[in-house]
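Enquirer: Input sequences plus hints: build the corresponding full structure.
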Amino acid sequence: MAKNSPAFDHEYLEYLHRNADQIRGLVGLVTDEPVDVQAIVKHFGAKVKREEIEGFDASEFSGIIRMNRGVPVIIVNKNQSQERENVTILEEVCHLYYKHPLETLGQGGRNHRSEIEQEAYQTAAAVLLPAVVVAKAV
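According to the working numbering, the residues represented by the sequence shown are 15 to 152, in order.
Careful: at least some of the hints might be erroneous.
Just the calculated beta-carbon pair ranges, DEER-fashion [what the hints assert, rightly or not]:
(1) K150 with G84: 36 to 44 Å
(2) N82 with A53: 15 to 23 Å
(3) D23 with M81: 15 to 23 Å
(4) G42 with R64: 35 to 43 Å
(5) R83 with D23: 12 to 20 Å
(6) D23 with Y112: 14 to 22 Å
(7) L116 with A139: 20 to 28 Å
(8) G84 with D50: 37 to 45 Å
(9) L27 with R83: 31 to 39 Å
(10) R64 with A139: 16 to 24 Å
For the record, the hints were derived by calculation from the structure and aren't laboratory data.
Note that beta-carbon positions come from the ideal geometry of N, C-alpha and C, so glycine has one too.
Expert: Given below as structure tokens:
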């Protein structure tokens with residue numbers, strides 16, 4: 015389950031980066047190699063679909079996972095830039111990695127917990143931009 019994230023303490027950042035490095039390692043990436051998002055998706059046995067979700071404004075929806083006959087399907091907002099789409103896809107993959115419960119869509123909007131979303135999003139960011147790359151750039 016989601017680890018509590020007290021305002022980016024050092025232990026929490028290490029936790030995020032360890033998990034991001036593990037995800038990168040699953041597809042044979044070393045720490046500073048560019049990410050092949052589709053290779054990571056394939057490793058998790060997922061598919062990606064680009065569409066709009068009825069009843070949700072494009073600014074309210076970036077992505078969600080649905081199961082289709084046992085296969086995770088990552089549905090992403092088709093109106094996003096490629097860069098934003100990559101972050102969204104990786105965030106959804108991180109939900110699979112952490113085995114977060116799938117969220118639901120209903121008349122009241124999305125049913126998700128902010129700490130779970132934060133954990134998945136921050137890990138996805140670390141997959142895309144590992145700490146070692148940031149340290150080299152600074």
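Enquirer: Each of the hints needs a verdict: does it hold here or not?
Expert: Results of checking the hints against the structure:
1. K150 with G84: 36 to 44 Å: 41 Å, holds
2. N82 with A53: 15 to 23 Å: 21 Å, holds
3. D23 with M81: 15 to 23 Å: 34 Å, violated
4. G42 with R64: 35 to 43 Å: 27 Å, violated
5. R83 with D23: 12 to 20 Å: 41 Å, violated
6. D23 with Y112: 14 to 22 Å: Given range 14 to 22 Å: holds, Cβ gap about 19 Å.
7. L116 with A139: 20 to 28 Å: Given range 20 to 28 Å: holds, Cβ gap about 21 Å.
8. G84 with D50: 37 to 45 Å: 24 Å, violated
9. L27 with R83: 31 to 39 Å: 38 Å, holds
10. R64 with A139: 16 to 24 Å: 21 Å, holds
The structure fails hints 3, 4, 5 and 8 (numbered hints given earlier, in ascending order).
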